[in-house]
Amino acid sequence: MANVAIPLMKKIEPDKGQRLWPWQKWFVYGSLTPIMALLLFFSILPVLWVFVLCFYNYSPTRAGSGFLDMGGANPFIGLGNFKAMFADLQTSAIFRKSFVNTIMFAILVLPINLAITLPLAVLVESSQARLKGFFRAIYFMPVITSAVAVAIMWGYIFHPQQGLLNLMIKTIGLTPPRAWLTDPRAVYFGIPLAMIAVIISYIWQDFGYNLVIFIAALQGIPNEFRDAAKVDGANAWQEFWQITLPLLRPTMLFVCVMTTLSSLQVFVPFQVMTNGGPAFQTEVLVKNIYDNAFRYKQMGWAAAISIVLFLLVLIFTVIQFRLLRSDSGLEY
Amino acid sequence: MDTFFTPKPRSASSARLFRLGGRALLYVLLITGAIFTLIPFIWIILTSFKPASEIIKIPPTFLPQNWSFKSYETIFTDPKVPLARFYLNSTFVTVMRVLITLFTSSLAGYIFCKYRFAGRNLLFAIILAQLMIPFQVVMIPEYLILVKLKLIDSLWGLIIPGMVDAFGIFLMRQFIESIPSEMIDAGRIDGASEFGIYWRLILPQMGPALAALGIFTFMAVWNDYLFPLIVITTPERRTLPLLLTWYNSQHGSRYDLTMAASVLVMLPMLVAYIFFQRWIVRGVAMTGFK
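Just so you know, the protein sequences line up as chains A and B, in that order. First residue of the first sequence: 1, per this note's numbering; consecutive thereafter. First residue of the second sequence: 1, per this note's numbering; consecutive thereafter.
Okay, chain B solo, but in the shape it has when bound:
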C-alpha cells in the first residue's frame, strides 16, 4: 500500500534503504526518549543500594561498587519511622476516598442523567462552576472549615471534604448517557426500586468509567501533598508524601537514606502501575484529566 502510493517513484532498492533508515531513526529516537525517562528511576534505585561512603565520592559512581542494604536497614529499624503506620494512613485515606467518590459520583451522575426534576439544571451548573476553581485558590477557607469542624489533624479531615467530587459526577453523567433509558424502564416494569435500578442495573454496566475514575482518584489522593500538608500536624498521622519531605529535612545530605525512602514511597504505585498499566493509560485517554 505504502509503496504503491509513494509520490515520487524511486528505484525499489533505494526506497527500501530509505524506509529502513527511517525505521532505524524512529527506534533510535524512541529508545533515547525511553532512556531519558527511565534513567532518573534507575539512578535513585542504584543510589539507594550504595553505602554512605560511596555516595560522597567525587566524581560519583553510576553502578554501586559495593552493594549495600544498609540504607533500607536504617529506615526499617528507625523507631521514629514506623513505616507500616504511614503505609496504613495513606492506604486508609486513599481507599476511603476512592470508594466514597465512586459511590457518590455514580449515584449523582445517574440521577442528573436519567431524571428530570425541579432545580436540575441549576444544581448541575453549580457542579460545573466548581470544576473551574483550583484547590489552591480555596485552600485557606477549606482549612478554616476543617478547624471549625475539629477535623484538623485527623485522617477524616482528609477524607470528608473529598467525599463528593464534581468532576466525578460530571464524568459519570457523560458515561451514563450511553446506557439506554429503555433498560431502566424495563427494570421498573419488573418491579425494581429506584435505588435497585441504580445498584443492580446501572452500576454493573459502568465498569470502564468506574475503573477510570477510581484509578485517578487513587493516584491523586495517594500522591497528594498540599492538602495533607495543611491538615496533618501529628507525626503519626502523616501520609507517605509528608513522611518523605520530613525524612528529607532530617537527613538532607544523606542521599543513600533519602533515596531509599523515596524508593519505598514510590514502590506501591510503581508495582500497581506494572499490573494496571493498560487500564491506567486507557483511562487517561478516555477521560482526559488528571
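Isolated chain A (complex conformation):
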C-alpha cells in the first residue's frame, strides 16, 4: 500500500491536549512501546536494510560472515550493482526493459483511467438517486475481486480462439489479433499488444476505485456553485469545465498520485497473465525484483532495483505535486 499522498496533503496539527500525569505515562509508553517496536522492526528496519543491501553482492544461498551475513562470501561491492544496470549483460538489458515498461504502463494507465472515471462519475451523479447506488455498486465490484482471479479470467478472455474478446470482435465484423498475450511482433504505436492487454485488464479492475472517489468529491461540491453558474447562463458543458473541474482539483491531485503510485507497483497481471512475456515486453520492475530476489536469489542486485523503483515512485509523486498543486487557494 502506498499512501504517500495522504500525509503530504494533510497538515500535521500542532501539539494540543494536556501534559502527562505520572500514571498516564504508564499507559502512553506502555502501549506505544510494543506498537512502535513492531513498526520499527518490520517497517523501518527493512527500509534501512534495503539501502545497505543494494551495495552488496548478496545471495541468501551463501553463508556470508559478519553482521547479517553481509561480508565474506557476500562482499561489499560499492556501486557495483548500480553500474551493472548500464552494463552489456542480459540481466542488465532485462532490467532496463522493465524500467521502460514500468514507466510506459504508469503513463498510459493514468490518462485512460481519468478519461473513463471522471465522465462516468458525472454521469452516475446525474442519474436518479435510486439508480446511483446501483451503478456505483456494479462499477466497484472488480475492485474487491482478487487480482489473481482477475488475471486468470482475463487471460482466458484474451485467448485467441476460445476467448470472449476475439469472439466479440469477430461478431461486430472486425479482424481480431492473432494472439493478445504471446505475439512479440504485434506492436501498435510503439506499445506491445500484450502490454495493451494488461492495461485493459488492469483498468477494468481498478477504475471503480477512482470512480467512487470522484463521485464522493462531486457530492461534496455545494449546489450553490452550480446554481450560481446557471443563473449566469452557463450550460452543462461550461458548468463542468469552469465550475466542477476547478473545484475537483485537490481530488484530482490525490487521484493522480494514487493511481500512478499503484500502477508503478503492479505485479499480479504481469506475473500471472503474461509472465513478463512475450520477449520481456511486459517485464516490469516489481516482477524483475521478485524474479531476481526469489527465483535467482540475487538479492543484492534486486535490492538495487528496489532502490530504482523507490526513486521512481518519489520522482513521479514530486512531479505531480508540482503540476497539480492548487495555488489559487480555492476551497469549498
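Mixed in with the good hints, there may be bad ones.
[Stated by the list, open to error] Stretch by stretch, here's where chain B covers chain A in the computed footprint (C-beta under 8 Å, at least three residues):
#, segment
1, 24-38
2, 46-57
3, 90-96
4, 124-135
5, 190-200
6, 212-222
7, 260-268
Simulated from the structure, these hints should not be mistaken for lab results. We put the CB at the ideal spot given by N, CA and C, even for glycine.
Assemble the complex: chain A is given as a structure, and chain B must be docked to it using the hints.
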C-alpha cells in the same frame, strides 16, 4: 428550477424532447458501462458450468449448451486440493490481521491524538515516513527478517509483520480528532483508568472509522498475493490466491477447471460485497485509500 434557468429559452416541447434524449443517452451509457464491467464475471461463471468438450469448441459458445457441474465436482473431490484447508488459512490470516490492526491502530491513534508526551512528533514522523515506502521496495529485507525469526513458511509469518499498520494509525488519529477532549476529562473525573477511557469511551464512538479500516484490511489481506508468495512454501499452508495460481499452473488449458476454481476463490468476497456494499463503498469515499 432547471427549466426556469435554462439559458436559451426553447419552445417547451423541444426542450422536453432534448431533456428526454439526454436522459436516454445517459442511461444507455451507464448501462453499457455496467455490461462491460459485469460481462467478464458472467462469462467465467458460465464457462465454469460448461463441460470440458464444449470449452474447446471454436467459435466458443457464450451460454453453456449443456450445463455441467463436472468442474466443481472435480475440484471438490481432488485430494490435492483440500479446499476447506485453504479457506481456513485465508480466513485465519485475514481475521487475525483485521482484529490486531484495528486494536493497535485505534490505541496508537488515540494516544497520538489526545496525549502530549516527549517524542510524540518524532514518533509520528516515523509513522508518516513509513507510509511513503511501498511494500515492493522492502520485500527483500522483510523476507530476510522472517527467515531469521524462523517465521518463513508459517501463517504467523503473514500475520506478525502486519500487526501494526502505519496508515491505520494515521487514519484513526484523524478520526479521533473529532471526539471532544472534554469527554475524556469527564471520564477521568468519573474515575476511569486511561485504558478504560480508550476501551469504553473512545472505541464505541469509532464505529465508522473502524468499519472502514477493517473492511480495507480485510480486502487487502484476503486478496494479497505477493507477500504470501514469498513467505509460504508448503502446499497445505497456501492461502486462496496462491492456491489459484498453483491450480492454474497445473491445469492451465482446462479452462472449465481454472474458471471454476476462480469462481470458488472470488465467491466469499463477492457474497460479502453484496451484503456490505454500502459500507465498503462509503469507506473508500471516506478514507480514500486501497
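We went through each hint and held it up to the structure:
1. 24-38: Coverage by chain B holds here, the residue count being 11 at a Cβ distance below 8 Å.
2. 46-57: It holds, with 5 qualifying residues against the three required.
3. 90-96: Violated: only 0 residues of the segment 90-96 of chain A have a Cβ under 8 Å from chain B.
4. 124-135: That given contact holds, which follows from 6 residues of the segment 124-135 of chain A lying within Cβ reach (below 8 Å) of chain B.
5. 190-200: violated (count 0)
6. 212-222: It holds: at least three residues are needed, and the segment 212-222 of chain A offers 4 whose Cβ sits within less than 8 Å of chain B.
7. 260-268: It holds: at least three residues are needed, and the segment 260-268 of chain A offers 6 whose Cβ sits within less than 8 Å of chain B.
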